[in-house]
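Student: Here's the letter readout for the chains.
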Amino acid sequence: MLHDNETRDLGMQIFSKRVDRYFRLFFTGLFLSALGSITLFAFISRPQFTEVGYSPVQPVPYSHKLHAGNLGMDCRYCHIGVEQSAHAGIPPTEVCMNCHARVKKDSPRLAKIRESYETGQPVPWVRIHRLPDYVQFNHQAHVRAGVSCVSCHGRVDQMVEVKQVEPLSMAWCLDCHRNPAPSLRPPELVTRLDWQPDRDPAEIGRALMARNGIKPPTNCSACHR
Amino acid sequence: MSEHARKYWRSLGEISGDLRFREWLEREFPEYASEWTGSRRALLKLMAASFGLAGLTSCRRPEERILPASRGIAGYVPGQPLYYASIMTLAGFSTGVLVETHEGRPTKIEGNPEHPASRGAATAFAQASVLGLYDPDRSRVVLREGRLSSWEEFESFIATHMKQAGRGEGLRIVSGAIGSPSLADLKAFLLERYPAARWVEYEPLGRDEELAGAELAFGRAVQPQYRFDHADVIVSLDADFLGLDCLAPVWIRQYTERRRVGPQAGSMNRLYVVEANYSLTGANADHRWRARPGEIAEVARALARQLGLAGFKVLDSGAPKWLAAVARDLERHRGRSLVLAGPRQPAFVHALVDWINHALGNAGRTIYYTEPVVRTSTKELSELAAEAQAGQVKTLVILGGNPVYTAPADVEFAALMKRVPLTIHLGQERDETAALATWHLPEAHYLESWGDGRAADGTAAIQQPTIAPLFGGRTAAELVALLADYPRRRGYDIVRDYWLRQWKGQDGEQAWARALHDGVIAGTGFRAVSVAPDVRRLQGLLAQGAAGGGELEIEFFPSSAAYDGRFANNGWLQEAPDPITKLTWDNAACLSPATARKLGLDSGDVVELEGGGRRILAPVWILPGHADGAISLAVGYGRTRCGRVGNRVGHNAYPLRTLRAQGFLSGVRLRKTGRRYPLVSTQEHHSMEGRPLVREATLDEFRAEPDFARKPEGKLELFSLFREHTYGEGHQWGMAVDLNACIGCNACLLACQAENNIPIVGKEQVRRGREMHWIRLDRYFVGEPDDPQIAWQPVACQHCEMAPCETVCPVAATNHSPEGLNDMAYNRCIGTRYCANNCPYKVRRFNFLDYHKGLQEVEKMVFNPDVTVRMRGVMEKCTYCVQRIEEKRIQAKAEGRPLRDGEILTACQQTCPAQAIVFGDINDPNSRVSQLKRDPRNYALLASLNTRPRTSYLARLRNPNPELVSEEGS
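Heads up: the protein sequence lines correspond to chains A and B, in order.
Residue numbering for the first sequence is 1 to 225, as defined by the numbering used here.
Residue numbering for the second sequence is 226 to 1195, as defined by the numbering used here.
Check before you lean on any hint, since a few could be wrong.
Said to hold, decoys possible - Capping the alpha-carbon separation at 30 Å, the derived lysine-lysine pairs in DSBU-like fashion look like this:
1) K604/B / K215/A
2) K1067/B / K940/B
3) K897/B / K988/B
4) K1113/B / K215/A
5) K1113/B / K940/B
6) K1118/B / K215/A
7) K823/B / K936/B
8) K940/B / K807/B
9) K936/B / K232/B
Stated by the list, open to error - Partial list, derived from the structure: chain B residues whose beta carbon lies under 8 Å from chain A:
10) E289
11) G837
12) N1040
The set of hints was computed from the structure by calculation and includes no laboratory data.
Note that the Cβ used here is the ideal one computed from N, Cα and C, for glycine as well.
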């Protein structure tokens, strides 16, 4: 009790007034650096930085440039689901063997394909284009509306090893859903990756939208369900 | 009439104005639902840990592999589901199903529209069976005396063993009911090879008494076949033909077809029920009387006398007035009426009922008789027990089933097994029987094996596998083929071979392909046989006096979750609230409020029930509308060896169920133990506060005033503070639920669970009000607590046009689609739960915990890939099956045509045996849903709130007998 009274009477100050300022400076600094690191983190963790350019090594050195580019094979020879299903699909080993039972049938680079064909075990391809589990993307709907493979996958016919070229983020999806006309072409041309429109692509797109009743949805359940 | 007369209530707590109940009701999130229960220190520790981990999650997602098949599969496109027609068999009776498979995984069961027992409907058991397929607790290995063995070892063992079997002396086989023609053929083959062997077919919930009754009445064991769609008046004596005694979902369809009325009131059938327990059928009755199970026989006799079957009409002064009214109603509808008795009733009740139907001219119209699909016999099981006790049984083969658990208590099956030197058990679980068997062999699930079966009307169909056996199981037929050294060994060969023999002279290959494609073999339904009642013998039955009832009677019912115990390890079924009691994860001794008062019992009191020197423990549940002086108890609970989900769930009733008391037991003594047991019921969860939600009238009232359902609101002047949405263009989705058709069977709830990846939360979480079912099947009582009626109302998200949930979401995770759907973006939800607070219908469900955490790979195979699996902290609710809408829309676009009405079926709608749910485009005036919404009975829930729900209800109608109404009203 006595002690309390003494303290009050003395009017003793442990910290000087200046300390207040240091405190304010310190906490402002802490806040700013936290904000800065969050902003930086948010910036560099965007799909543009983390996803684009992803090009893993595949178990079999399959070249899209050779098959789709030089040899001119249609995408749908292998990716048969693209017009009928949500998934374009990776072909069964059997499809490779349609040709490779005769062509380059002893190539060591195709050893895994032959092994898979003989044993019935799948070839463990590494997935490149991946959407989160809460997104339902449907290839069929897009391809039939006239959105080309190239819009999302780039010039696969020029890639020896496929890499992701677009961020596949929600904002990127919505850009196109809000303004679809420039990305549309006659549906029969979707797999012609080198196709160039002879006039304003938006004009072609608008005509297609009017003719085929294309109204890309922007509501949540269009993709999230 | 008291004040309760037209008031709808959900529980005794509500009607008595219990304070604890009020408190529960008024809390949006019940007890502990949201409070942090740990200490502050624990919270800080957790926070530190989460910050620490936050930096460890990598920037780039983990590597993921795509594994295409080595060889292509004809007709299969990755991402497109394939459907296979098959059958599901329960207790010997099959129902046609379509199995949806994704990438080789069966994920969903639908009814097969081509199959006469299904007509597109699937039961709750069928819906949940797909979860059973992926049950990691299923038996995976061959065991020899509890040690790991293999099929090869068993094959060589049995080959040498059967060489010494001689004529089969000492060889006994116990199986479930055999409806399968190919297995019956194999059985004949085996018995020909081993003529001294015996084969017993036993079902714990069999229909022995029904056949025995027909034998009494007609001198021939024939199976009754019902045509509910031809019956104007139905009298059910303890027969739950819409619920657990239903052999084919088509019965429900036939029954509800006759309850549909158009905008101009047509005719309706009338259902009278006399029963002890409050069954699903009783809940749908126009008149229901309570009687102890042992009194049903007296009711049957009195009815027969009233109808003049004793040779002259008896004015039985002892018979209640209502019985005379029922008899008169039956007489007015000669040839258009139907009387049925439940399988728990003794043979002579069935015989009397058969006779009554004949006397009323119903035979050949609403009821006909065929050869029985299955012949089970509890009596033969007891004979086998006697042989085993005498040491005459050397080899006992148990083909499926779990007789140690289910067999009558006085058969003492466990002791019997110990007396037999060699016991072989084939089963899907390492269950109570497997534990005592010399050999245990894993049995294949119906979704992974070949077989065949017959529907209740005899129609045969092939059961085709949709996945290779996950755990190396084999079928009963394959095991019998081994035992009998049958020339074919694989299930496929056995079944196909059998049918190719039946199709001699036809193109067998084509017939086989057709049978697989259609899921039904045309023209195999049993033909009606003509039978005539043996009147003299029946009159003898009529003359017999009443059997003296004891103090208390206990009736044994199938469980709505576990059936006879076989589904005990199925979490979907265990968590689905029982239609009447709304209990989950438990059974209970149900008794009436009056009996409970007399005995001084409250719900949750544990009592000891004693009968015939045997005792069991069970908790009490007070069930309004139950007969006085009787107890109803579901079998199938209290399993000890079924798996992690079902072990020790509920209380085992089988120890009281003896050979003479398969249906019910008289003279039961009840003793209070003083202990309490926590029973969890969902009946009070998510209440909507006594507003006029469920609306009903009698058929006559409806005729007088067709728009009675819209009266409670009066004329509403509605305005909104928010900018109103406009919905004029394109498709506008809506739903109409006909409460007059809904029978409250739970099939929709389980279909929704399977379709939408809804988690199981467990008993403790349900107690806290955290069940996740998107459809809540509200069950309301109306009238006096001792004898109330029941009304149903399935409630899911109403998809309000002016949705209150949307305006309060701080992150816009729930939004309106241009087609009127109330969308829910899970990935955007941050879990504030404001939306659930603001929802007047209480249909939003919150993931309080990560209920999918820790699932094994095999369990994940059941997920529907078209629906996101939600995690902790996310709100969810009915989406109108938006994945199905999008699937059909994309399909229609690809085919270059507009969507057709009726093309999109929500999961609940597709499976509903009563066809009570209609979904469609309300912008199309000709769609079925638009037509229903124009019906005068159509009304919206809480219309005065101006939420403008897209789901509306068609008020229920009852069709009481005018004679009885005036009496009851007085």
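Student: Decide, hint by hint, whether the structure agrees.
Tutor: Evaluated hints:
The straight-line distance between the Cα atoms of K604/B and K215/A is roughly 69 Å, outside the 30 Å bound, and the hint therefore fails. At most 30 Å may separate the alpha-carbon atoms for a hinted pair to count; K1067/B and K940/B meet this at roughly 25 Å. About 25 Å separates the Cα atoms of K897/B and K988/B, which keeps this hinted pair within 30 Å; it holds. Taken as a hint, the K1113/B and K215/A pair is honoured in the structure, with Cα atoms around 16 Å apart against an allowance of 30 Å.
At most 30 Å may separate the alpha-carbon atoms for a hinted pair to count; K1113/B and K940/B exceed this at roughly 39 Å. About 12 Å separates the Cα atoms of K1118/B and K215/A, which keeps this hinted pair within 30 Å; it holds. As the CA atoms of K823/B and K936/B are separated by approximately 42 Å, the hinted pair breaks the 30 Å bound. A hinted pair counts as satisfied when its Cα atoms are at most 30 Å apart, and K940/B with K807/B does not qualify at roughly 36 Å.
Only pairs whose Cα atoms come within 30 Å are accepted, and K936/B paired with K232/B is accepted, the gap being roughly 16 Å. Against a cut-off of 8 Å between C-beta atoms, the interface hint on E289/B holds, since the closest Cβ of chain A lies about 4 Å away. The restraint placing G837/B at the interface with chain A is violated, with a minimum CB-CB distance near 56 Å, outside the 8 Å limit. Here the hint on N1040/B is kept, as its CB sits about 5 Å from the closest CB of chain A, short of 8 Å.
In this structure, the hints that do not hold are numbers 1, 5, 7, 8 and 11, in rising order.
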